[in-house]
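First to last, the protein sequences are chains Y and H.
For the first sequence, the working numbering assigns the number 65 to the initial residue and increments by one for each residue that follows.
For the second sequence, the working numbering assigns the number 3 to the initial residue and increments by one for each residue that follows.
Hints may contain errors.
Claimed, not checked - Below, computed lysine-lysine pairings styled on DSBU-like, alpha-carbon distance capped at 35 Å: (1) Y/Lys282 / Y/Lys194; (2) Y/Lys196 / H/Lys46; (3) H/Lys50 / Y/Lys145; (4) Y/Lys121 / Y/Lys68; (5) Y/Lys225 / H/Lys50; (6) H/Lys46 / Y/Lys264.
Unchecked claim - Here are some chain Y residues the structure puts well away from chain H; computed CB gaps all over 12 Å: (7) Ile69; (8) Phe102; (9) Arg137; (10) Met287.
None of these hints come from the bench; they were simulated from the model.
Treat the numbers as computed from the prediction; the structure is a model and nothing was measured.
Just so you know, even glycine gets a beta-carbon here, dropped at the ideal spot from N, CA and C.
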Amino acid sequence: MKVKINGNEKVTCCKNLLQLKTMHCNSADNIVVILNGFQTSDNLQLKDGDEVVLIEKGKMPGRDELEAMISARHTPHVYGKVKQARVAVAGLGGLGSNIAVALARTGVGMLHLVDYDVVEPSNLNRQQYKTKHLGMLKTEALKMELEEINPFIIITIDTVKVTESNVKQLFAQDEIVCEAFDNPDAKALLVNNLLENPQKKIVASSGMAGYESSNIIKTKRLMKNLYLCGDGKTDARVGRGLMAPRVSICAGHQANMVLRLILGIEDV
Amino acid sequence: MVTVNGQMIDYADGLSLASYLVREGYILTGIAVEVNGEIVLKAKYDEKILSDGDVIEIVQFVGGG
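Modelling step: build the complete structure from the supplied sequences, incorporating the hints.
This is how it looks when you write it as structure tokens:
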């Protein structure tokens, strides 16, 4: 039968995972076995078309196997689709940096990152930057981080403020755009301009400040091509901050909606 | 009668979209508005007259990200 082992199609006479492990690994110990996205230590039967990833802990794999290993815990068939996808992230703060990390880990093949600002210390309470990035452009700092997380994706950056005059051109190539700005007027500017084009899908955000309940953050489809994540009301203001837990919950909502759209699911 | 964000609203027929939004206290810079499934450009808020049966979706963005 034919199975995929670490991304390569092979014909095998092995009937189960133990036989496969014994045949392909120097030692049966210290091996992580993942069958069709599920890590298991059981000796499960193999069937035609299965995808198996065998990882020796502590050993640096070759580049050809690394990609299959990174995506080994994906639900089968997801990786092939996300690899062909292109997504823009507008604003690389608490939402955008977290969305971009999630999409990079998911293996979205082309990420387009847009922000004009530099990393400063008050960003570190919720954004995916480190002290070593202070003073760097967010576009460049995040690109470096993402390339370390997943070297198999293509990242393009635009270090520019999004305005009425450049917004359509900036996102002309992007069918799916994450709105991840801080400022409500900037959010509205992006959404209003891009939604004129019926080909665009926007996953936007509103209301994730403070430490209100996690459970009021929702994903809603408010217009045909507008998805809105957040609680819709809890704004950042004097006396109410923005912190990692709720901001990353909202970013997770946005990233998962993007994944669903890539997979052809338009329901929330 | 028009429907705004899923609710039936009286006393909006014949108003311009701009007048309705101002009357309801929306901050015009931070919103997006769809009427009958189509986004309305901000420049058209004045000339868009609401009429019976219109389905309006208004998204008010709040700050934070």
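* Of the hints given before, which are not true for this structure? -> Failing hints, ascending: 2, 3 and 10.
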